[in-house]
Amino acid sequence: MATKTTIGEARNYIGESVTIGCWLHGKRSSGKIQFLQLRDGSGFMQAVVVKNEVSEAVWEAASSLTQESSLYVSGVIREDSRSKIGYEMTVENVEVIQISTDYPITPKEHGVDFLMDHRHLWIRSPRQRAILVIRAQIIQAVQQFFNERGFHLVDPPILTPSSCEGTTNLFQTKYFDEDAYLTQSGQLYMEAAAMALGRVYSFGPTFRAEKSKTRRHLIEFWMIEPEMAFVDHEENLRIQEQFVSHIVQSVLQNCRKELETLERDTSKLENVLAPFPRISYDDAVKFLNEKGFEFTWGEDFGAPHETAIAENYDKPVFIERYPTSFKAFYMKPDPQRPEVVLCADLIAPEGYGEIIGGSQRIDDPQLMEQRFEEHELPKEAYAWYLDLRKYGSVPHSGFGLGLERTVAWICGLDHVRETIPFPRLLYRLYP
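Note that full-length UniProt numbering gives residue 329 to position 329 of the sequence shown, counting from 1, and the numbers run on in steps of one.
Derived by calculation from the structure, the hints in this document are not laboratory data. From a predicted model like this one, the values you see are computed outputs, not experimental measurements. Incorrect hints may have been included.
[Claimed, not checked] Calculated pairs, SDA-like style, for lysine to any residue (alpha carbon to alpha carbon, straight line, at most 25 Å): (1) K268 to A130; (2) K268 to K51; (3) K268 to D414; (4) K327 to V285; (5) K291 to E270; (6) K4 to S30; (7) K27 to E68; (8) K4 to S83; (9) K51 to Q67.
Full structure from sequences and hints, please.
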């Protein structure tokens with residue numbers, strides 16, 4: 001019995017006979033030779049069936065295969081310098097599991113809506129597989145970064161009693177007899193966890209009922225949200241730039257083949273090494289005015305503004321110290337200049353926009369009480385959050401990284417819908 005392996009591991013069996021469970025991605029024939037393009041999730045490989053080297057039954061079995069038919073194929077792995085992966089299989093046996101008929105995604109061009117309706121099948125294609133492999137590598141890099149630095153993974157609740165950032169963009173549901181909302185962020189709970197465990201991070205789904213159709217928006221998306229006790233604004237920025245550098249370098253190191261499949265210009269990613277450039281909100285406003293944008297101090301940046309600023313740099317750039325007026329209530333004002341807060345957004349290059357938002361948090365109980373009043377926030381729902389400032393308050397900071405925007409940037413994608421296996425968009429809840 002031949003050794004069972006995968007396409008990805010077959011390189012370890014050069015000259016040996018192996019068996020691989022797989023699907024037929026495509027096929028071409030030149031009369032007496034059939035070239036089978038096989039995939040098994042770990043990669044793609046060519047298998048060659050030579051008519052006069054196999055039995056008639058094996059030849060007929062290979063001939064019967066259609067796109068996405070499933071099979072066990074056995075044969076000898078041989079080095080092949082023309083192959084992208086450096087080897088192929090000379091087939092000895094084909095055992096058909098199921099013949100697939102009328103597979104809907106043929107090699108011709110299909111429209112986006114058609115592909116999204118068949119997303120459960122579209123993810124089998126080389127390009128979509130490459131994106132999902134890179135996404136998995138990013139997640140692995142995130143966990144490695146925090147695990148190696150003494151952070152604890154903490155899971156905040158997905159159902160929450162209210163929102164400190166307003167409820168207009170929240171999905172409402174019933175929690176027995178009470179109103180509840182799907183979370184937009186685990187940050188407030190992570191602050192509580194940081195007071196118990198020092199350095200923590202969460203990684204989970206968040207939901208935004210925003211009727212937006214831009215290429216940067218999903219309704220359901222995944223956030224990585226670290227929170228750190230005894231860390232100020234400056235240290236927070238240093239951790240963020242090390243974090244993003246680590247993610248990008250990890251993908252470059254481990255996903256070269258996938259980046260090639262996506263035809264990603266990796267030279268743009270090689271530059272992503274800490275430290276990152278920084279620009280103040282004030283200087284960003286001056287820069288935009290010089291570039292001909294009509295923009296006044298006190299407004300928030302939109303996508304065109306972020307892109308114009310990012311184009312000046314070949315790596316991500318921090319925009320820091322935004323006006324207090326439009327930033328979240330929990331951000332700590334700059335002691336030297338209370339009209340701005342100790343916060344920063346990290347803007348990715350190449351027009352991908354904000355991938356991180358972070359700040360030092362208010363640690364003064366009186367100021368936090370004042371913010372609750374100014375923003376008319378429900379104290380009864382968040383009395384516990386105010387408690388964090390009453391019992392051993394400390395300087396602390398945190399940030400949130402959007403996974404899908406990060407995947408889009410690293411992969412060089414036009415739209416975030418390809419960054420998640422089953423995207424939830426304004427008009428799409430299927431499949």
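These are the hints, each one checked on the structure:
no., hint, in the structure
1, K268 to A130, "holds (18 Å)"
2, K268 to K51, "violated (47 Å)"
3, K268 to D414, "holds (16 Å)"
4, K327 to V285, "holds (16 Å)"
5, K291 to E270, "violated (28 Å)"
6, K4 to S30, "violated (29 Å)"
7, K27 to E68, "holds (11 Å)"
8, K4 to S83, "holds (22 Å)"
9, K51 to Q67, "holds (20 Å)"
When held up to the earlier numbered hints, the structure conflicts with 2, 5 and 6 and fits the remainder.
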